[in-house]
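Participant: Working from the sequences, and respecting the hints, build out all of it.
What follows is the residue order along each chain.
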Amino acid sequence: MDELVAGLIDRIRTVSLHQWLTKLVLALTGTALITVCAAATGAVLAGATPTIAAILLALVVLWPESMATIAFLGFSAVWWLFAWHGSIWATVPVAALVGLVHLLAALATGPAHAVVRLAALRFFGSRIGAYVLATAGVGSVLAALTMLPTSRYVAWLAVVAICVATLVATLVAGSIDDAAVVPEMPDDDEPYLPEDLA
Amino acid sequence: MTELPIRPTPALVRSLILGLLLALGGILLGQRGAAVMAAPFIVHVAWGLFTRARTDVVRVRTQPRLVAVHEDDSVPVRMVTDRPGWWIAVSWPLRFGLRLAPRSGAVIDTTDAKVVVEPHTWGRYLVGPPEVAVMDASGSWRAAGEGTSAYVVVRPAAASLVGSSGITRPIGMAGSHPSATPGEGSQLAELREFRLGDRLKRINWRVTSRTGRLHVATMLTERDTDVLLVMDTLHDVPGFTAMDATSLDLAVRAVAALSRHYLGYGDRVAVHDIGRRMRHVRAGTGPRQLLVTIDALSRIDRGTNPVFRGRPIRGITPGTLVFFCSPLIDESSTTEVGRLRQLGCEVVVVDTLPGDLGTPRWLRRRRRRDRSWLDEAWVVRRLERDEVFARLRQAGVPVVAWRGTGSLAGVLATMERSRRAPRLARRV
Numbered sequence: 005m006d007e008l009v010a011g012l013i014d015r016i017r018t019v020s021l022h023q024w025l026t027k028l029v030l031a032l033t034g035t036a037l038i039t040v041c042a043a044a045t046g047a048v049l050a051g052a053t054p055t056i057a058a059i060l061l062a063l064v065v066l067w068p069e070s071m072a073t074i075a076f077l078g079f080s081a082v083w084w085l086f087a088w089h090g091s092i093w094a095t096v097p098v099a100a101l102v103g104l105v106h107l108l109a110a111l112a113t114g115p116a117h118a119v120v121r122l123a124a125l126r127f128f129g130s131r132i133g134a135y136v137l138a139t140a141g142v143g144s145v146l147a148a149l150t151m152l153p154t155s156r157y158v159a160w161l162a163v164v165a166i167c168v169a170t171l172v173a174t175l176v177a178g179s180i181d182d183a184a185v186v187p188e189m190p191d192d193d194e195p196y197l198p199e200d201l202a
Numbered sequence: 308m309t310e311l312p313i314r315p316t317p318a319l320v321r322s323l324i325l326g327l328l329l330a331l332g333g334i335l336l337g338q339r340g341a342a343v344m345a346a347p348f349i350v351h352v353a354w355g356l357f358t359r360a361r362t363d364v365v366r367v368r369t370q371p372r373l374v375a376v377h378e379d380d381s382v383p384v385r386m387v388t389d390r391p392g393w394w395i396a397v398s399w400p401l402r403f404g405l406r407l408a409p410r411s412g413a414v415i416d417t418t419d420a421k422v423v424v425e426p427h428t429w430g431r432y433l434v435g436p437p438e439v440a441v442m443d444a445s446g447s448w449r450a451a452g453e454g455t456s457a458y459v460v461v462r463p464a465a466a467s468l469v470g471s472s473g474i475t476r477p478i479g480m481a482g483s484h485p486s487a488t489p490g491e492g493s494q495l496a497e498l499r500e501f502r503l504g505d506r507l508k509r510i511n512w513r514v515t516s517r518t519g520r521l522h523v524a525t526m527l528t529e530r531d532t533d534v535l536l537v538m539d540t541l542h543d544v545p546g547f548t549a550m551d552a553t554s555l556d557l558a559v560r561a562v563a564a565l566s567r568h569y570l571g572y573g574d575r576v577a578v579h580d581i582g583r584r585m586r587h588v589r590a591g592t593g594p595r596q597l598l599v600t601i602d603a604l605s606r607i608d609r610g611t612n613p614v615f616r617g618r619p620i621r622g623i624t625p626g627t628l629v630f631f632c633s634p635l636i637d638e639s640s641t642t643e644v645g646r647l648r649q650l651g652c653e654v655v656v657v658d659t660l661p662g663d664l665g666t667p668r669w670l671r672r673r674r675r676r677d678r679s680w681l682d683e684a685w686v687v688r689r690l691e692r693d694e695v696f697a698r699l700r701q702a703g704v705p706v707v708a709w710r711g712t713g714s715l716a717g718v719l720a721t722m723e724r725s726r727r728a729p730r731l732a733r734r735v
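In order, the protein sequences belong to chains A and B.
Be aware that the first sequence starts at 5, since it is given in my numbering, and climbs by one per residue.
Be aware that the second sequence starts at 308, since it is given in my numbering, and climbs by one per residue.
Just so you know, the hints here were simulated from the structure itself, not pulled from any lab data.
The beta carbon of each residue, even a glycine, is placed where N, CA and C say it ideally should be.
Each hint should be verified, as a subset may be incorrect.
Partial list, computed: chain B residues near chain A (C-beta under 8 Å) [claimed, not checked]: (1) R339; (2) A396; (3) P409; (4) D416.
Facilitator: As structure tokens, this is what we get:
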């Protein structure tokens, strides 16, 4: 226990300013998600649910690659789905927010004491922005499909097709051992090039 | 170059699990919102598949892997990956004697991560091995592992020594030091009457016209000489703090300055290390010899010396000017000084013990909680050394403490003056 606490203190102490900001953005996004979900919650679980979500969020901020992240995202998604009884279009921005937390947790995995260069910051910013827009777009399409009265089965078929296709594509992609061309890095600091040894 | 295997990240696994659960759960429970909530995870998986590498390794390379710089120079060390569009996180370990920028030694950048390394002082430094992680833009694929280290060799600065050459009896052939041998030189030896065989251009017409008899000016030849710089690296005595110069640092600086000084005169300079940390540098002249010496000095291993017996000096010519750079805490060093003197060498001892060690000032600066019996032991050792110094001076060996480039000016000037001083001549 002492070692755990000492490790935690050391971990907090050695975090760089840039990583603190990254964690702050993650924490604020997660808090926004909790706030949005809490706004739709009924009185029965009002106290416990945000508390559990906040604890999970704290764990996500400290350990983004742990099980806490999948638990927080799943908990938040289920919380919203069961708490919200209004228009399905309100789910689109919430889904985008869930995606944002998910992606920030995926990218906030560098060394805690690392400095983030400006080029990397711009790189992340552009990718995150594009992802959020794509998520909102796909979510809107799915919401529109489920709204069509005669296309209930079509919508479900579309969802199932997407999921199965994703699963199959992942399995297939994972099993392919492609030997595609990768650009050779010039080894100008190596004493010999392979041609010299031939 | 290092090849790191690519693995899916927990984020991709998260997307797969949550995407499938939400989609299938929505179907089973009739929740339309679940399909919409699965959208971010489905998009993430699709993005990950799109950016998936076609090979299963990422290659990373350290640039440069070996570099030699001068003191106070900094070296930018880069970690380069072969994946454009992926980002790289590098964490270089902190080592004593190296300053990193950024200070933590860890950087996140796109494709090319640079950390500037600034060594504190001369020597060889192994920078790394770094921890490297390369990830694609979606955070779905990552390659992590250890990169290749970089070697930095820092050459000590050869400062300009203040003072004259101090050479009293050069033993070489042609150089810039006036000798006692008459011949074709630029320094006047005497004015005497013309004898048969004297060169006509040496006739001094002013004296001739005054005295009425032909007089000539005889000159002294100029010669170079052999200079041997001896380093005693049997022990590396530390300074007051970890960052202060040790006896090894002082010896290296003294040898570098002396090499530059005497190579500038055109003399032949050799370097010998009786502690075997440095290879023997054979006698040579010119700028190349200085580079060879500085390079050999920069490769000295600062670690604990496993050698307990010194390497004696062999094959030395009588009349060689020897600078013996030593803290003189080992009896074998003092014995070697005496042996060199007996062989007919002109020996100058350069004391490289860190300045305050074993003095009352040292004791006053030590904090009470840092005091130990070693402090008093050093005081006693310094008193013993003072006795050794007195005996050496009686034997005609000057002892000078190294405190910078002006330390030897007085001794060299005294030696220079003694060359011109009248000597008792024995007549048979």
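Participant: So, against the hints stated earlier in the document, which numbers end up violated here?
Facilitator: none
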